[in-house]
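K.L.:
With the numbering used here as the guide, the letters of the sequence shown map in order to residues 1 to 1176.
One should not assume that every hint holds.
[What the hints assert, rightly or not] Straight-line distance between alpha carbons at most 20 angstroms, and here's what the computed PhoX-like set of lysine-lysine pairs gives: (1) Lys-228 with Lys-213; (2) Lys-318 with Lys-303; (3) Lys-622 with Lys-692; (4) Lys-1101 with Lys-1056.
Keep in mind the hints are simulated off the structure, nothing from the lab.
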Amino acid sequence: MIPLGGNKTAVCSPGRRKICGRSLRLSPGACYTGTLGAAMTMKTGWGEIPCFKNYLDLVYVVDSSNSISDANFTIMKQIIVNASEAFEASIGDTTQVAVLQYGNLDSAAFDHTDSKYYKSPTKLGDCNDIDCFNRAIKANMTHLNAANTFTSLAIRRAVEQFDFAQSKNKDKAKKILVLITDGQANFQSQLIVSYRLTQSHNITVYAIGVALKSDAELRISANGGVSKERVLDANNYSELSKALRNLTETIAQSSGEGQATGGITLENAVLGVSANYNPKVTSIYMSSGCGVGSYDGSGAIIKYDSISSTKGDVTSHKQVPGLFPKFPKDSYLGYSIASGYFEGNGTLYVATGAPRHALLGLVLVYEPQTDNSVSNPRIIKPNNCSSCSTNYKQLGSYFGATLLSADINGDGKDDLLVGAPLYIGDNYDEGRVFVYLSQASNSIQAWASSGFVPKVFSGMKDVGGRFGSAISSAGDLNDDGFNDVIIGAPLADNGAGVVYVYHGSNNLKTVYSQRIQSSSLQFPHLSNFGLSTSSGADLDGNKYPDVVVGAPNSNLAIIFRSRPVARFSAQITLSPPRRDIFECLQLPSRKCFNVTSCLTVYGKSVEDFLDVNVMILLDKSKKRLNLGGFNNATKEVKLSRNVTSCWSYDVYVTKNMIDFVSPLSAEVQYSLTSTHSNTPMSSMVDPAATNKVSTTASFNTGCTSDLFCSYDLMVNSSITLPKTTNQDRLNSKLGSDVIIIDKDTATKPIILHVTISNVGENAYGVKFDVTYSSSLIWNGIKEANILNHRNASCFDEVSTQDQTHGQLKIKSLTYKYNEDLGSIMPAGDSCSFEIHLLPTNLKTSGVIQNVYAALHVYTMYAPNGNDSNPTNNVANYTRTIRYVSDVSVTRRESTQFVTREFTFPKTNETVHSVYEIGRNVSTIAVAYEISSEGYSVVPSSSFFLRYPTNISEHNLLYLYKVSCIGSQGPVMCNCSTQNVNRYHLSTSPNTTDKSGPSILLLPNPTQLPLSLYNCSSSIVDPPAYCEELHCSVNNLVQGSKVNFVASFRFWSHSVKLVVSDYPTVTFVTGFSYTTNQSKLVINKNGSIITEYSAETEVAVKKYVPPVVIEQLNLLLIVIISAAVTLLLVIAGLGALYKKGFFESEYNKLMKEEKHWQKGNATQERTDEVYDEDLKQ
């Protein structure tokens, strides 16, 4: 519905139909003008279209060969019956339908009689209604079960039936043949002949194949084989039913179309799908953009020169042949229409959308003439410029589906809004509205250029919302002097619908001002809310336009009344605007300013009195001002409309202020009380309007330039390092700038001696940063005791906190001149102090190479000042570190050497336990103790044990167990285990499990080539028979120890000794320990600490049996002599025994071992196993 001024209106009915006879239904549409409630004049643009008829003859040609089963043939009959319902209204009037079955056909001439392989259940002209046709199919259509498929002959028979049809309108009828087959045709070469025959008789052929492997034959029958036009494929009979039903409905619809009497193809124009009336002119524009009969869907616009005109001028793409792009069919030109003064020159332009053109859409803008011609046409396409961040050129977006012409930026020229409700963003069918704002000149030309970038409205990008389906100008809703816009998204919120409000502005924002959800309204189950919108009329007389939103699926139109808008005029002053800072800060109360705020409320139709909340805030970010202890004052006041009210307060400056340079602020905020706002239809504040005003004042800084001081901050400093007892000797080796970490320096600080001065103008907000290595401990600021200088009290470190940045910490200190002036450093002021940093934590490091300290003095408000010499604001110190420590390594004598006699084995032996290797030979153990004897940590050290392992294929010493255990502190020892117990034998002394890993011991039949196998650590290139075990020791701190034991078994099967050659074979193991990985650790003499080497030996001797003495004749003498000797020996032995002379060397070693192990709890279990090894 479109208001036409006064009590006149225009109402359009684009779906109005015209029924001609039983079969023809046209959709020309229409619009009506006049007064609602009275008779109205129908406008069709070209006059009412007279009825006419289109005639149709249709023959189904159905394959009835045995390739189709009886069951499927029965289904086929029902499919044809169902599909032919599309002609229910026209059979017997304008439509004739027949069925021809075929299988084996002879080539005899058509004689109207059925044969065994040819049948016509019903012929053209037999039936005058659908019931007759259905009965004929059910009764007469039977399965032929023919062996062959002569499709070409069947088509020829069908052509004969068209020729012999009993129809008086045969020459006018449209002839259609529908071929249905599921098998390969015989005589395929004849198909092209049959196709040419149908063409010569003006017969249109549709070919449908059921479950065919190839559609080549279908193509030949339908279009000569050039394309898939009029060819349908169905995989089964269910798909055949759908395909045939769709086809017959399409045929039935097309049979109702044709030429009107006047020769204009507007029979299905759907006139009134959009309409526009501009009150500044007398013309009415209506469109016919949706009907397939309106120039094949290309669309048209009908212009009436006045409200009383009964005939309009028809404008289409034909009036702009050189401009309108190709393929106008189905473009739907006229789907939307708007008119406006886009150039501001008094010339009216028409804009009309073609949302389906090339599936991209476009908008045609032109200047209409007195007839149907156009002038100055331009095409606006979806944006696709190379410099644009987003590509808005999108298939199927329906660009141009809705249009609005309205001046929303207040420049006196109309702007153009173009909707694309099917635009896909992050989600499907979100929709967009593109805003083409008027330009300084040549707006339309600019919009039509490829590089123009419109503004874009997108709502909330609702999923499937179709934002932009309706666009209307709301007038000035918020009384700000700009037209506002209402945009509907009818499918948002799960189809319930949403409406958006966008406020106009001379700086247009693309964010919506209000979002109205239908689900928030008191109307349950609304659907498609926002599909239509209308606004601009003041329905309740409060001087504000109201809005109507349609929800057609709910048969509702919702009216939104606009509330009056209360506007405020506010002022606030902070006086005096400048205040001498020294004078202010030295006032006892610091009452330095006064704040005054005034407020006036006004607006169309607002109440006489309004309740308002007023809040005054002082310096809200810095909080340097207060109202006697409070930073704000809040009150509720009742304001009279158009009357100014004011309030005034004393303002105080806070203590401990550190920012003296940046402006001081005062702000007043105001809003209507909730009690007032919650009253229905009461006035309200525009949410987009500013609800606060502010002002500033500043301090007079006493500098040459009021807001720009030229100061010169300077830092002078030196450093004192902690000293150890032998510092002078170490300095000669390391230099004087090295920090020595030992027991003498642990609690002594690194001292930075600092003097800060200002030799320029006053400096405000002075800060002092100390950056230092995080490994140091901050020990505070100390007094410097320097005459004529203020001491450490000029900096307050109580409230400071360290900031950590990687390996550095920063302590930021604020300068304090006195209680009144705070961080102001007057010209000529200076301050001296000491900074103490402790190196105590470095004791446990050993890897930090140096420490760092930096000093920096500056002002926190550098933009408002200028340090005349910034190079003297900083000082940096870096000092090298060395760590004093030492290490001792002791060989454990309890496991020094083992020598045993043995008998050479002569047989192979399979063993499962390491104790079966070298049976009856004791375990060989190598043990060392590593101890820290220094103050600092040794972070990293290592050692290796080198031992004889094998020569050729013969093993020598078998390493089966390694123990390396640290004690006292975080010390860690780790050894490689790759070659430890390489055969994975059991380490249990008494194992009986024979299922585990084993090794076959083979006696060596030959003498070993060497009598000495030396793997000493002093050998630079050890022999190939040597192997090394490597271990690392980390974090060896003061008091820590590491006990290392390596246990071996002698591989006795490998050694065959010959007394005359090698009566003894000796094995030498080598041990080497070093701390050279810890480059920063030195001993008390300043040298890199310990490197230690040692070796152990084990000897193997040939077993010699006792000598047997021959029996003498003087046996008796020998026996007596032996007895006497024995008695003497026993007596002597008894005396020696009491003195411990005969205690075995083995027992001595064991006691010494146990004595050595006393107190070492962590090694207890290792020694028990070790003792057990020795016993075996």
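K.L.:
Hints numbered earlier in the text: which of these fail when held up against the supplied structure?
P.N.:
As far as the earlier hints go, not one is violated by this structure.
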